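Next come the chains, spelled out residue by residue.
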Amino acid sequence: MTMLGQYRARDSILHRLPAGAKLIGLVVVIVAVVVPPPTWWGLGAGAVVVIAGYLVGRLGLAELWRQILAVRWLIVFIVVVPLIFLPIPTVLATAARVVIVLLLAAIVTLTTRTTEILDAVERALRPLRRFGVNPDRIGLMLALTIRTVPVIAGLAGELRDAQRARTGRLSVKAFVVPLLVQSLRHADDTADALAARGVE
Amino acid sequence: MLSGQHDSARDSDIALTRVTVRHPTAAGEVTALDDISLETCAHNLAVIGLNGSGKSTFARLLNGLRTPTQGSVSVGGLDTVTDVRMLRRKVGFVFTNPDAQIVMPTVAEDLAFSLRGRGLSTGQIAERVAAVLAENGLAGHADLPAHDLSGGQKQMLAIQSVLVAEPSLIVADEPTTLLDARNARRIADLLLGLPQQCVIVTHDLELAARCDEALLFDNARLITQGNPRDVIDRYLSEIVARP
Ligand SMILES: Nc1ncnc2c1ncn2[C@@H]1O[C@H](COP(=O)(O)OP(=O)(O)OP(=O)(O)O)[C@@H](O)[C@H]1O
Ligand SMILES: [Mg+2]
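Chains as they are written, first to last, in our numbering: chain G, 1 to 200; chain S, 1 to 243.
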C-alpha cells in the first residue's frame, strides 16, 4: 500500500532544506496556484513546478505516479460529484488544482522527516504559548494522526476480508460499527502506551 | 556486566499489600483482583492463568496504568499512585500489540520519542538511536515507516523503544502472543537475557518455565507463587483440567 507522501530518504537539496523553509515555500506556491482564477497557462506552470520538485528531490517520475495512484479515489470523488452541478471545464480545472496542491504537499512530506516537520510546527506555534496553546501537545497529536492512518487502514482491510470470508459480500453497517469499535479500542491502547512511555 | 549474569542487588522489590481492583461495568462491578498480597524480587517473574484471571490488571498495576481500588502497590520503594512520574521512568511496559505502542511514524523517530524530555541534545539522541538500531540489526530500517515492518520486527522495535529509555524493570503483557514460534523465541531470549528485571505475563508455558519465579492467578486471586515448574504443574492439574 502506498501512503500519500511517506518520507523517502535521499540525498538532495530539497531533503537538506530546513523544514520551515519548505513549509513556507509550500504555502506560497499553493496560494499562487489556488488564488488566481485558473487558466491553462497557470495549471501548466503548476504541473511544471510539481515535476521539477520530484526531479530535484531525486524522487523520480515513478514516485510522482505512485503519489497520483495514492489519491486516485479522491480524484474520482472530486471530479464525479461536482459534475452533477457544474460544467465540465470548471470541474476539471478545480480538480487539477486540488491534485497539484496534494502533489506539492507530498513533495514536502516525501523529503522531510515527520520529526522535522513537527519541530518546525512546534517552533512556529511557540509564541502562542501565552494564549494557552501547548505546541508539544499539538506536535504529538500530528505525529499520532500520521501514525494512526495506516493502522486504521489495516483494521479496515481486515474487517473487509473477514466479512467477505463470512458472507461473501460487504454490508456498510456491519463494517462501520466494528471499525469504530476497533478504532476506539486502538485509541485506548495508544493512550495507555503513551502513559507508559511517560507522556502525561 | 556480562550478559546472563544478573545483578540481583539492583532488582526492585515488588510488593502488593491487600490490593483489590474493581472495574465498573454495565452489569455492575467486576473484581479484577481480589485482596492480593505478595512480595517478590525475582529477576524474571512469570505470570500465568486463564483468560480474565487478572494477569493484565496485575501487570498494569506495576507502572501505575491501573490504580488499586483498595490497598497499595510499591515497586523498588516507589508507591505506584503517589510516585507515578518517577515510577514510569523506572518501569518500562511492553504491550501485546506493538501497533498500539509504536506512536511515531518511522522506526528511528519512535526510538527517539522515548528519549524526549531528558535534557539530551538532538545529536545525543540521534547517536543513541543509531547505536540501538545497529545493535539490533535494524540499521537499514531507520527511516522505514513502522507499518512496513513485519510483526516480529514491530515487536522488536516496541521493546527497543522501551529499552532505550533504560528502565530498571520491564513489564511485558503477553509480548509473544502475536508472533510466530521463531520470533517468539527471539523475543523471549532477549527479555530473559536482559540485565534488567522482567515481569512477563504469558500463556506460553515454555517461556514461563524459563523464568526464576512464577505467579498463578485464577478468578482475581493469587493461587500460588514459587518455582515455575511447580506453579505450572498446579496450573495444569488444578485449573486447566477443571471441568
Ligand atoms: N477496563 C476494564 N473494564 C471492565 N472490566 C475490566 C477492565 N479490565 C479488565 N476487566 C475485567 O477484569 C478481569 C480481569 O481482566 P484481565 O485483563 O486482568 O485478565 P487477564 O488475566 O489479563 O486475561 P487475558 O489472558 O485474557 O489477557 C476480567 O474479568 C475483565 O473482564
Ligand atoms: Mg491480559
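In case anyone wonders, no lab produced these hints; they're calculated from the structure.
It cannot be assumed that every hint is accurate.
[Said to hold, decoys possible] With the C-beta cut set under 10 Å, the calculated list includes, among others, these residues of chain G facing chain S: (1) D11; (2) I13; (3) L14; (4) E63; (5) P135; (6) I146; (7) P150; (8) D161; (9) A162; (10) F175; (11) P178; (12) H186; (13) D192; (14) E200.
Predicted, not measured: the structure shown is a model, and the values here were computed from it.
The beta carbon of each residue, even a glycine, is placed where N, CA and C say it ideally should be.
These are the hints, each one checked on the structure:
At about 13 Å, the closest approach between the beta carbon of D11 (chain G) and any beta carbon in chain S exceeds 10 Å, and the interface hint on this residue is violated. A least Cβ separation of about 18 Å between I13 (chain G) and chain S goes past the 10 Å threshold, and the interface hint is therefore violated. Given the 10 Å rule on beta carbons, the hint for L14 (chain G) is violated: about 15 Å separates it from the nearest Cβ of chain S. Using the Cβ-Cβ criterion of 10 Å, the hint placing E63 (chain G) at the interface with chain S is not satisfied: the shortest such distance is roughly 15 Å.
Hint status for P135 (chain G): violated, given a least beta-carbon distance of 13 Å to chain S, over 10 Å. Interface hint at I146 (chain G): satisfied, since its Cβ lies 5 Å from the closest Cβ of chain S, which is below the 10 Å cut-off. For P150 (chain G), the interface hint holds, since its Cβ comes within 10 Å of a Cβ in chain S; the closest pair sits about 4 Å apart. Violation of the interface hint for D161 (chain G) is found here, the shortest Cβ-Cβ separation to chain S being roughly 17 Å, above the 10 Å cut-off.
Using the Cβ-Cβ criterion of 10 Å, the hint placing A162 (chain G) at the interface with chain S is not satisfied: the shortest such distance is roughly 17 Å. Violation of the interface hint for F175 (chain G) is found here, the shortest Cβ-Cβ separation to chain S being roughly 20 Å, above the 10 Å cut-off. Hint status for P178 (chain G): violated, given a least beta-carbon distance of 17 Å to chain S, over 10 Å. Checking H186 (chain G) against chain S: minimum C-beta separation of about 6 Å stays under 10 Å; hint holds.
Hint status for D192 (chain G): holds, given a least beta-carbon distance of 6 Å to chain S, under 10 Å. For the restraint placing E200 (chain G) at the interface with chain S, the shortest Cβ-Cβ distance is roughly 8 Å, inside the 10 Å limit, so the hint holds.
Hint check: violations occur at hints 1, 2, 3, 4, 5, 8, 9, 10, 11; the rest are consistent with the structure.
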